[in-house]
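Novice: What follows is each chain in one-letter form.
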Amino acid sequence: MSLRTALLFAASLLCAGAGAGEIPPSERRSGYDLMSRETRAIQDDDATNPGMLWVLDGEALWNRKAGAVGRACAACHGDARTSMKGVAARYPAFDAALRRPVNLEERIKLCRSERQKAPPLAFESRDLLALTAYVARQSRGLPIAIVIDERTLPFLDAGREAFHRRQGQLNLACSQCHDDNWGRRLAGSLIPQAHPTGYPLYRLEWQGLGSLERRLRNCLIGIRAEPYAFGAPEFVDLELYLMWRANGMKIETPAVRP
Amino acid sequence: MANRQVGLCLLCHSGPFPDERFQGDLAPDLRNAARLIEGEIRQRIVDPTKANPQSIMPAYYKSEGLARVAPVYRGKTVLTAEQIEDIVAYLLTLK
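Those protein sequences? They're chains A and B, same order as listed. Mapping of the first sequence onto the working numbering: position 194 corresponds to residue 194, and the numbering continues sequentially without gaps. Mapping of the second sequence onto the working numbering: position 62 corresponds to residue 62, and the numbering continues sequentially without gaps.
The hints are all genuine.
Where chain B lies over chain A, by a calculated footprint (3+ residues, C-beta under 8 angstroms):
hint, stretch
1, 161-170
2, 173-185
3, 221-234
Straight-line Cα separation of at most 20 angstroms, SDA-like style, residue types lysine to any residue; simulated pairs:
hint, chain 1, residue 1, chain 2, residue 2
4, B, LYS76, A, PRO227
5, B, LYS62, A, GLN167
6, B, LYS50, B, GLU64
7, B, LYS95, B, PHE17
8, B, LYS76, A, GLY222
These stretches of chain B come out as covered by chain A in the derived footprint (C-beta under 8 angstroms, 3 or more residues):
hint, stretch
9, 4-12
10, 53-59
These are computed hints drawn from the structure, not numbers from a lab. As the structure is a prediction and not an experimental result, all values here were calculated from the model. Built from N, CA and C at the ideal position, the CB exists for glycine as well.
Start from the sequences, fold in the hints, and give me the full structure.
Specialist: In structure tokens:
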């Protein structure tokens, strides 16, 4: 670590500790801990967890040849149970070619178009969600482990800034609900701490699986702010901040939420 | 009439609405406003930061100085002056 990196890193830790409303590590709770016993039971049992249907689809896609190259994901990566273990716990991760962090969905899209030369998968499409859920499932139970370095620090800072920025017609910041008022009720919903531990996840309200960005769009639309487009760099910055903020918490994919 | 508009308030507040199952608890019960005079109630809705600069309550009659407002709401206030007057009148009945 160069001196500059060390200083930047120390600065980032300082900012993190100084925020008035930020949640001390010992008080962090996954959305899981705030759910009813019934909903937790649906998540806990693979036989009842509807997200497992996407995981199974993802496994089939992992092994299926695709694109002009005629190779499956498995042809390059082998058995996902070993090669993909821990991967979701460190995404979004820096992409040297794009010179910015990319999230897991984008990484899979990139492999698909560049390595397999297959038609692009759309964000929130069944196939992309299935592959992402299958890859992330291999990290279930592992702690989130985002490491910030000189290259990713500016993106983390941008994400933190966005989290604390009041926005939308209702003029609310993410932090005002998720740091300052978690555990309280917003009309019928219990406000969670916004830890991205379970994505992609099955939401009973959606009757389907969705990505973290879909969840973030819901919150932005709720405060009447303009949602970012799927895959927008601003979204990935926010995801990076949320994952870093949840460092050490366990991956639950595919989680279930109300 | 006022009830529908009060609906938005129940995201955060509770009030005397036995039929509303989903009321928030981020803010005091609306019956608490009974101790305020009309002008104070109106001001709390028009711009809550006048009473509390740190307030998380949205200003219901403000359309400028907001960040990244969704296009359909841009340049518009959350409620119209008329709707705000309905709510003020309604809250005064709780006295």
